[in-house]
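**Q** With chain P's structure known, arrange chain Y on it following the hints.
Letter by letter, the chains look like this.
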Amino acid sequence: MKRKLTPANYLALLAATSFFVFPLIAAFEFSLRVNLGKSHGFDNFRWVFQQEGFKTNLGVSFRLALLTAVAVLVLMVPTVVYLHLGGGRWKRMIEFICLVPLVVPVISFALGVGTAFPVFLQSTVYELSFLYVIVSLPYTYRALDVGLSSIPLLTLVEASRASGASMRQTLLFVIVPTIRSAVNGAVFLAIALSLGEFTLAVLLHWDTFPTWIANISQGHILNAIALSVLSLVGAWLVVVVMAIAPKSLRSNKTQEATS
Amino acid sequence: MSQVVAQRTGTPKKGAGPLAYLSRGSTLKSLVPLMPFLAFVAYFLVFPLTFIIRDAFLSNDGKFTLDNFAECFKGVYGHSFAVSIRLSFISAMIGAIAGAIIASAVVKTGTRSRRAIAATASVFANTGGVPLAFMFLAGFGTEGLVTKALKALGWNMYSGSFTLFSETGIILVYCFFQIPLMVLIFTPALENIKPEWREASDSLGGGRFSYFTRISVPLLFPAFLSTTLLLFANSFSAYATARAMTSGTLPLMPLLIGNLVDGNVLANQEHLGHAMAVCMIGVSAIVMGIYLLVLKFSKAKP
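Read top to bottom, the protein sequences are chains P and Y.
Each step along the first sequence adds one to the number in this note's numbering, with nothing skipped, and position 145 is 145.
Each step along the second sequence adds one to the number in this note's numbering, with nothing skipped, and position 32 is 32.
For reference, chain P alone in the conformation it holds in the complex (with noise of 0.2 Å):
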């Protein structure tokens, strides 16, 4: 609903908005200056997309993005689905659990893994994934747990399986396109999250997107600036199109879902 913004609240509204843009705005006027700031043009941006490690780089996040993502649904949607069904004695105790990564500093996990873990899981840069699973729980568990509170669940499961699907089919083809939307949710917080975390790659000595741009910027600020730009309105603009745009598409599956 709408209610009528006072005075205040405009002042608050421009205030923020210029906060956040100021710096975007004077990030991208650096990154455009050519020729030691007597010109501008889009040579810094030409640059970056020459580097070699750009696209290797980029590549290891987008995979690494790609397989927690999976990680995610194959080990959360099961579970959470089950702590809504017959499950819902240990729901207090997982959701405890999925709150520990929260209490647990990420420099302070990362010093565990790197002493814990053995070798042959440390020779892959994939160990990435199964960590950024953990560092996503809180955030994960909530998006699905959201989602399934707000479907009628048993009633689902009941008229699937009396009409003789397995528990398998109800939850691949009955339960997920149901809460279509927390599923998304839930992944794109995994892939937002693998896509810019830095701390857990740096001190496991891997290479990725953001630990790349950390190392570029040690000689080439103008072309790092660049970067940072590209990737936070890249990340913006998926994230605002996702978040206005499937609203026509989403009422019409719940249309669907519902008659």
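It is worth saying that the hints were derived from the structure and are not from the lab.
Every residue gets a Cβ at the ideal spot worked out from N, C-alpha and C, and that includes glycine.
Hints are supplied without guarantee of correctness; some may be wrong.
Unchecked claim - Computed beta-carbon distance windows for the label pairs:
no.: 1; chain 1: Y; residue 1: Ile-53; chain 2: P; residue 2: Leu-99; range: 17 to 25 Å
no.: 2; chain 1: Y; residue 1: Ala-152; chain 2: P; residue 2: Phe-42; range: 23 to 31 Å
no.: 3; chain 1: P; residue 1: Val-176; chain 2: Y; residue 2: Ala-39; range: 18 to 26 Å
no.: 4; chain 1: P; residue 1: Leu-36; chain 2: Y; residue 2: Ser-166; range: 25 to 33 Å
no.: 5; chain 1: P; residue 1: Phe-42; chain 2: Y; residue 2: Leu-31; range: 53 to 61 Å
no.: 6; chain 1: P; residue 1: Tyr-126; chain 2: Y; residue 2: Ala-152; range: 48 to 56 Å
no.: 7; chain 1: P; residue 1: Val-241; chain 2: Y; residue 2: Pro-218; range: 34 to 42 Å
no.: 8; chain 1: Y; residue 1: Gly-110; chain 2: P; residue 2: Val-176; range: 26 to 34 Å
**A** Chain Y in isolation, oriented as in the chain P frame:
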């Protein structure tokens, strides 16, 4: 739960509904479907944690000792506790108050713009590290655009002792992700405040001020406090941004741990790093404990 099912489907209780098998059986049996999750968490979370705690109590020759913890509270390490906690506290307070003010404006806008703002806030709340550091250098650095604009308006930010690499500077930078996080979490709490309550207060003769002190504040205080604690934990554990901004010159706990473990400061200091890491977990465990208590308290009151 099976009883509910049975009643709704009309099947007799003894026969039980089609889902009865899910909740029947022993306690242990009902844990079986949770096994993949529990095994995953045990290996990837609990197992590394036990190693940090074990190493924190070991000396360099592998014997049990408490010296690492004693060392934690001395000199620069002890100082870093104070700096880290003070910095996190101030940035949480600023983030919470500014975020709450913004959220109270955001909640009045339309559904669509609210969604766009939430999405934007979620991106900004996740910025950090080098990209964030550079944006602030470009905006608020000595040669930054905002600095120059303010100078043209007659206020030189750098006339005092301010630099972006000091504690105050870091707090300013942290606002960039703390405020959006507050907006993100606090707006849903504000949405639960019903306009009818305002009308009720008005018709009973309550003014704006009494509505604020007697209705808004008591209702929203638990949500406000719990989110503030979350912001504290968030800046307390922030590493990437502090590292990019200060290159390790400010004595913050995560930065010191990073230096100790990377081994480029002093050799054989790993166990001290582990003890510091355990101390950090202790501090945020206390904060999160209060957070859980506040949440419980707020749920008890409808």
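**Q** Take the hints in turn and mark each one as holding or not.
**A** These are the hints, each one checked on the structure:
no. : hint                              : result
1   : Ile-53/Y / Leu-99/P: 17 to 25 Å   : holds, 19 Å
2   : Ala-152/Y / Phe-42/P: 23 to 31 Å  : holds, 28 Å
3   : Val-176/P / Ala-39/Y: 18 to 26 Å  : holds, 23 Å
4   : Leu-36/P / Ser-166/Y: 25 to 33 Å  : holds, 29 Å
5   : Phe-42/P / Leu-31/Y: 53 to 61 Å   : holds, 58 Å
6   : Tyr-126/P / Ala-152/Y: 48 to 56 Å : holds, 51 Å
7   : Val-241/P / Pro-218/Y: 34 to 42 Å : holds, 39 Å
8   : Gly-110/Y / Val-176/P: 26 to 34 Å : holds, 31 Å
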